[in-house]
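Trainee: Okay, here's what each chain looks like letter by letter:
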Amino acid sequence: MKSLKICFLLWYVLFSFGKAEALVTKTYTFNIKINDIKTMRIITPGLANGQINLLLFPVQAGANVTTSPNSTDNHSWLQFTSIAPNNTFRKIQVSITNGSIPRGTILTLSAIQCTTGAGVRGTTATSADPILLKRNETKPLVTGIGSCYTGISATTPYSGYNLIYSFMPDPNNLGLITSFTNNIVTVTFTIINE
Amino acid sequence: MSFQSRCVFILGFFLTNSILAQKEVESVKLPVQMSIPSAASLSLTGSDLQFSITGKGTEQIISTSTVRSVWINYSSVVDVNSTNAISVNLSTWNLPAEVAITLKVGPDAGAGFGQTGTPTNSIVLSTYPQVIISNIGTCFTGQGIKKGHELSYTWVLRPGFDSEILTEGDLVGLRVAVTYTISSSK
Chain A
1 MKSLKICFLL
11 WYVLFSFGKA
21 EALVTKTYTF
31 NIKINDIKTM
41 RIITPGLANG
51 QINLLLFPVQ
61 AGANVTTSPN
71 STDNHSWLQF
81 TSIAPNNTFR
91 KIQVSITNGS
101 IPRGTILTLS
111 AIQCTTGAGV
121 RGTTATSADP
131 ILLKRNETKP
141 LVTGIGSCYT
151 GISATTPYSG
161 YNLIYSFMPD
171 PNNLGLITSF
181 TNNIVTVTFT
191 IINE
Chain B
1 MSFQSRCVFI
11 LGFFLTNSIL
21 AQKEVESVKL
31 PVQMSIPSAA
41 SLSLTGSDLQ
51 FSITGKGTEQ
61 IISTSTVRSV
71 WINYSSVVDV
81 NSTNAISVNL
91 STWNLPAEVA
101 ITLKVGPDAG
111 AGFGQTGTPT
121 NSIVLSTYPQ
131 VIISNIGTCF
141 TGQGIKKGHE
151 LSYTWVLRPG
161 FDSEILTEGD
171 LVGLRVAVTY
181 TISSSK
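Note that the protein sequences, when read in sequence, are chains A and B. Our numbering puts the first sequence at residues 1 to 194. Our numbering puts the second sequence at residues 1 to 186.
Simulated from the structure, these hints should not be mistaken for laboratory data. Glycine included, each C-beta is placed from N, C-alpha and C at the ideal position. Where hints are given, some of them may not hold.
Said to hold, decoys possible - Not everything, but these chain B residues come out facing chain A in the computed CB check (under 10 Å):
#	residue
1	S27
2	V78
3	N81
Stated by the list, open to error - Straight-line alpha carbon distances no greater than 27 Å define the calculated DSS-like cross-link-like pairs of lysine-lysine that follow:
#	chain 1	residue 1	chain 2	residue 2
4	B	K29	A	K91
5	A	K91	A	K134
6	B	K29	A	K134
7	A	K139	B	K29
8	A	K139	A	K91
9	B	K146	B	K104
10	A	K91	A	K33
When you get a sec, could you build the whole thing from the sequences and use the hints?
Mentor: Here it is, written out as structure tokens:
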């Protein structure tokens, strides 16, 4: 029995020395990654089926077919989030990818500078110079987007870039206009690196 | 950027991203529907315009003093392969049987745009509608005098009546209503 106690004592002493060696400092390397993110959506509060509806007609005898409250729509907001690599900027471009603009008319799109959210939310030059939308012609709507978010509010006050569509007669081709209903075009917004 | 601003940015980013990035979307589509209904309207203007109403047509009260200085303005949007036409008729009158009124429609003044109509030759106003401007496509004439087509009225004795029976005084106070209507000729 006595020899057994001596063996335990000897094991404890040896184990204690071993434990002391395990306290040596070690360095660990953590690889932290933030994914490249660019994602967006368009909200259309108050619009049935999320569809923009524009109507053009002469409002007074002798007057041109002209813009009216029904030929302009500002019920859509573009919201996006972006985490961009260093020194990388994005842009959002638009084009008509399906359907075509009726003869004798033009469709323009502009955006009002986003003031919600935070970060490098880009800029738009379209407030003063609206984009003339044409089929398969891609044009920039917002440029210089870095890491940012616009906000996600879908109730007043809304977040993001307010989009304004204007449907109007082509002043050079008014005579080509004929009446029609339900001509639908698809406007596609794409966020890509600049 | 202060510590608080950084916290707000990070919190906002993750809140936004958690909603928007459930499925990362780099492209979104939005349908835009456009419509232009067929429409046509006309109006009369001029210093000698005594009365006009809108409704089925535009009505003008004319008297022997109504000679020129009346202009008809119109706007029109037509269907494919369709045109509009403007017709005129006497709607109320108290004309002596021997008196007739002729109407001459001038060419479009060119103040508008598009396919304005073609005026017909002079007509004698009657109670049944007669086309005075045809082949109107999508167009507008402009609004006001010297825009659109000038209307010229002439009060005349019908052939065969003796001008000595009807004196100039008999024409004083004569008033008739003339109705202009624009409609599709499809």
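Trainee: Against each hint, give a clear statement of whether it holds in the structure.
Mentor: Hints and how they fare:
| no. | hint | result |
| --- | --- | --- |
| 1 | S27 | holds, 4 Å |
| 2 | V78 | holds, 6 Å |
| 3 | N81 | holds, 9 Å |
| 4 | K29/B / K91/A | holds, 16 Å |
| 5 | K91/A / K134/A | holds, 19 Å |
| 6 | K29/B / K134/A | holds, 15 Å |
| 7 | K139/A / K29/B | holds, 15 Å |
| 8 | K139/A / K91/A | holds, 10 Å |
| 9 | K146/B / K104/B | holds, 15 Å |
| 10 | K91/A / K33/A | holds, 23 Å |
Of the numbered hints stated above, none is contradicted by the structure.
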